[in-house]
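Protein chains: 2
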Amino acid sequence: MHHHSERVYNFSAGPAVLPKVVLERIASEMISLPGVGSSILEVSHRGKVFTEYLNRARDGLRNTLKVPDEYEILFLQGGSRLQFAMLPMNFLRGTQKKAAYAVTGSWGKQALAEAERLGKAECVWSGEDQGFVDLPTAPFQLDANDYSYFYYVSNETIQGLQFPGEPQAGDVPLICDASSDFLHKPIDINRYGIIYACAQKNAGPAGLTIVIIRKEMIPSGNSDLPGYLDYHAHAANGSLFNTPPTFAIYVFALVIEWLNGEAGGLERMYELNHRKAKLLYDVIDRFQGVYRGHAKAECRSVMNVVFNFLDESLKEKFLMGAETAGLTSLAGHRSVGGIRASIYNAMPLEGVEKLADYMFDFAESNG
Amino acid sequence: MHHHSERVYNFSAGPAVLPKVVLERIASEMISLPGVGSSILEVSHRGKVFTEYLNRARDGLRNTLKVPDEYEILFLQGGSRLQFAMLPMNFLRGTQKKAAYAVTGSWGKQALAEAERLGKAECVWSGEDQGFVDLPTAPFQLDANDYSYFYYVSNETIQGLQFPGEPQAGDVPLICDASSDFLHKPIDINRYGIIYACAQKNAGPAGLTIVIIRKEMIPSGNSDLPGYLDYHAHAANGSLFNTPPTFAIYVFALVIEWLNGEAGGLERMYELNHRKAKLLYDVIDRFQGVYRGHAKAECRSVMNVVFNFLDESLKEKFLMGAETAGLTSLAGHRSVGGIRASIYNAMPLEGVEKLADYMFDFAESNG
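Protein chains in written order, with the working numbering: chain A, 1 to 367; chain B, 1 to 367.
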């Protein structure tokens with residue numbers, strides 16, 4: 001446990017590091033938003049004050065990702081888990097069509113399992129037998145007459161695998177869980193039917209799920225779906241079907257403004273994310289007698305750098321030394337073991353440099 | 001719009017006023033929790049730091065409401081709206097039983113509508129024809145062989161009606177939406193099958209729903225329910241089925257500690273809440289030529305004081321004068337009109353005194 005009051009470099013996979021200037025802003029107006037006399041935690045979701053933040057969040061995201069007018073932006077609760085259920089419930093009921101799932105890691109596997117319980121879902125690719133170390137490369141020859149959607153996870157947080165671009169799935173709409181690489185680079189929204197993300201990696205605090213959905217995919221509203229699980233209910237009410245997670249939306253608005261302001265925009269962010277990831281992968285590749293990267297080189301994530309030790313007994317020593325150096329939350333997910341360094345947008349280059357140096361020194365001392 | 005930087009008295013129905021000391025605490029550790037080096041927004045939901053707050057929230061609530069071991073405490077997302085769906089989906093599927101709903105205001109009506117879409121739900125009492133001004137008083141003669149549960153809303157936020165105690169429903173388990181009067185007084189949890197509340201009135205920020213459920217009511221986990229909608233999934237995973245709304249849970253832990261500390265505990269809070277409500281109802285009753293309370297006197301809420309003007313044109317003048325006096329968010333819900341003063345636990349006595357004085361002076365000047 002740390003006993004400094006200064007900030008550490010926190011490599012948590014999520015909830016994860018946020019920009020320090022955003023935290024400072026939140027702290028400075030926690031007692032009273034400027035000119036309001038109440039905290040963001042205390043104002044009505046239908047009042048002027050929150051409405052302004054809701055619009056800043058929505059418009060900011062629309063501008064940042066160049067989201068076309070043909071798409072709706074929704075702010076929901078329930079995380080990816082609720083999306084896992086909403087997708088088959090909205091798009092497989094009342095149709096003979098199936099859904100196609102590419103299972104490239106733990107989250108895709110769980111999404112498929114939920115879809116199989118709620119509709120006709122088919123696994124069209126799985127990396128499980130290989131231990132989730134690679135990704136599909138060939139285009140999927142699928143027909144929209146047979147499949148309602150093609151589901152994939154753009155970045156598997158636990159295994160540290162990331163698609164370099166959108167997979168090809170014929171004329172079947174892509175649905176992407178982008179929770180752990182949302183807003184890490186510019187993308188072409190037109191390629192997606194739905195792209196969604198929980199906020200707690202690149203976008204804000206836990207408790208907010210951001211959904212960008214092509215309007216023509218939104219159900220008619222005449223369904224027998226549970227109200228909260230119907231995309232129509234949220235779209236028709238501008239994300240105010242019920243009280244949304246107001247604080248998380250406010251923080252998201254601030255993060256978006258940081259991204260486009262001080263952070264230099266999405267192109268610059270992507271360049272920086274690549275530099276950060278390369279620093280770590282270069283050390284892993286240099287010390288192949290000590291470290292072993294989890295994913296195949298061409299599938300490596302720029303967000304979650306996952307590796308193990310040839311000598312697994314080194315793990316605890318590595319973690320203890322890192323903690324002492326102010327480098328925290330580096331333990332890998334229990335299903336994969338080893339180390340996971342999550343280096344989202346808000347992780348400063350300096351933090352990654354410090355970790356790369358630590359890894360270098362550790363390998364030299366223990367190789 | 002206000003331009004002071006000092007805090008106003010905010011009578012919002014929710015999200016609503018929080019204790020100032022809680023906000024100060026949040027602000028002071030937003031950049032770094034003491035000894036941690038990261039914000040509460042940035043730490044893993046499975047790590048030591050958050051686990052401590054999760055336990056403080058759960059144990060604090062258990063101690064405060066004397067929740068017996070036979071009950072589980074769950075921290076969920078999705079608000080009352082998701083509970084509206086989860087209740088019939090968990091308790092009406094695979095059974096011939098019905099659910100009984102008492103409709104005493106807008107929220108009970110919406111809960112019933114959702115239950116009717118998802119199962120066999122029966123309205124056993126409705127105050128709608130009378131405009132939601134009163135409550136059922138006679139015991140309901142219901143049989144647990146016919147009904148899975150009896151649903152009611154302990155305090156209707158929009159109409160300002162509050163049950164003085166739990167209704168009697170034979171041997172049928174009570175399910176109570178206590179969103180807007182949770183933790184306003186001591187209650188006997190043994191009377192309930194489930195009592196739940198969204199946090200954003202008496203307990204914390206929006207985005208957290210607190211569910212206290214009798215363990216024997218939790219489904220077996222073998223159902224075909226969507227995962228997130230299965231109480232079993234949350235109970236079996238200690239509210240960590242997926243990433244919970246960590247910040248809201250942390251704030252809830254602080255609110256609970258404030259309630260039992262500086263605020264003097266639940267008995268004291270109840271006494272104060274009664275004093276606060278009486279101040280306002282006394283002015284309403286004194287100036288019957290100006291004000292007209294919405295609920296019948298014996299059904300009046302101590303949390304939401306709802307009234308109108310005999311001369312409805314006075315409303316805007318009242319609101320403008322209140323705003324100038326630093327008394328904000330007093331407009332009634334659009335479906336009822338008039339004024340709604342929400343005076344939850346965190347609204348200081350001084351704020352209510354100031355409002356009562358303002359109402360007194362306003363009536364004298366405009367009567």
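Please note that the accuracy of each hint is not assured.
Intra- or inter-copy, both count: the list cannot distinguish identical chains.
Calculated lysine-lysine pairs in the DSS-like style (CA-CA distance at most 27 Å, straight line) [to be verified]:
#1 K66 to K98
#2 K315 to K48
#3 K185 to K48
#4 K98 to K20
#5 K354 to K48
#6 K315 to K215
#7 K120 to K97
#8 K317 to K48
#9 K278 to K98
#10 K296 to K278
#11 K66 to K97
#12 K215 to K296
#13 K97 to K20
#14 K354 to K120
#15 K354 to K66
#16 K109 to K120
#17 K97 to K315
#18 K48 to K98
No lab work stands behind these hints: they were computed from the structure. This structure is a prediction, so every number in the text was calculated from the model and none was measured.
Here is what the structure says about each hint:
1. K66 to K98: neither (30 Å within a copy, 49 Å between copies)
2. K315 to K48: Answer is between: at 19 Å across copies they meet the 27 Å cutoff, but 52 Å inside does not.
3. K185 to K48: neither (32 Å within a copy, 32 Å between copies)
4. K98 to K20: For K98 and K20, the Cα distance exceeds 27 Å both inside one copy (45 Å) and across copies (53 Å).
5. K354 to K48: Close across copies (24 Å), not inside one copy (44 Å); limit 27 Å.
6. K315 to K215: For K315 and K215, neither the intra-copy (48 Å) nor the inter-copy (40 Å) Cα distance is at most 27 Å.
7. K120 to K97: within (7 Å within a copy, 30 Å between copies)
8. K317 to K48: Between copies only: 19 Å across, 53 Å inside.
9. K278 to K98: Cα proximity of K278 and K98: none, with 39 Å in one copy and 60 Å across.
10. K296 to K278: within (14 Å within a copy, 70 Å between copies)
11. K66 to K97: neither (31 Å within a copy, 51 Å between copies)
12. K215 to K296: neither (37 Å within a copy, 46 Å between copies)
13. K97 to K20: Neither, since 47 Å and 54 Å both go past 27 Å.
14. K354 to K120: neither (48 Å within a copy, 61 Å between copies)
15. K354 to K66: Neither way: K354 and K66 sit 34 Å apart in one copy and 49 Å across, limit 27 Å.
16. K109 to K120: within (15 Å within a copy, 35 Å between copies)
17. K97 to K315: neither (47 Å within a copy, 55 Å between copies)
18. K48 to K98: neither (43 Å within a copy, 42 Å between copies)
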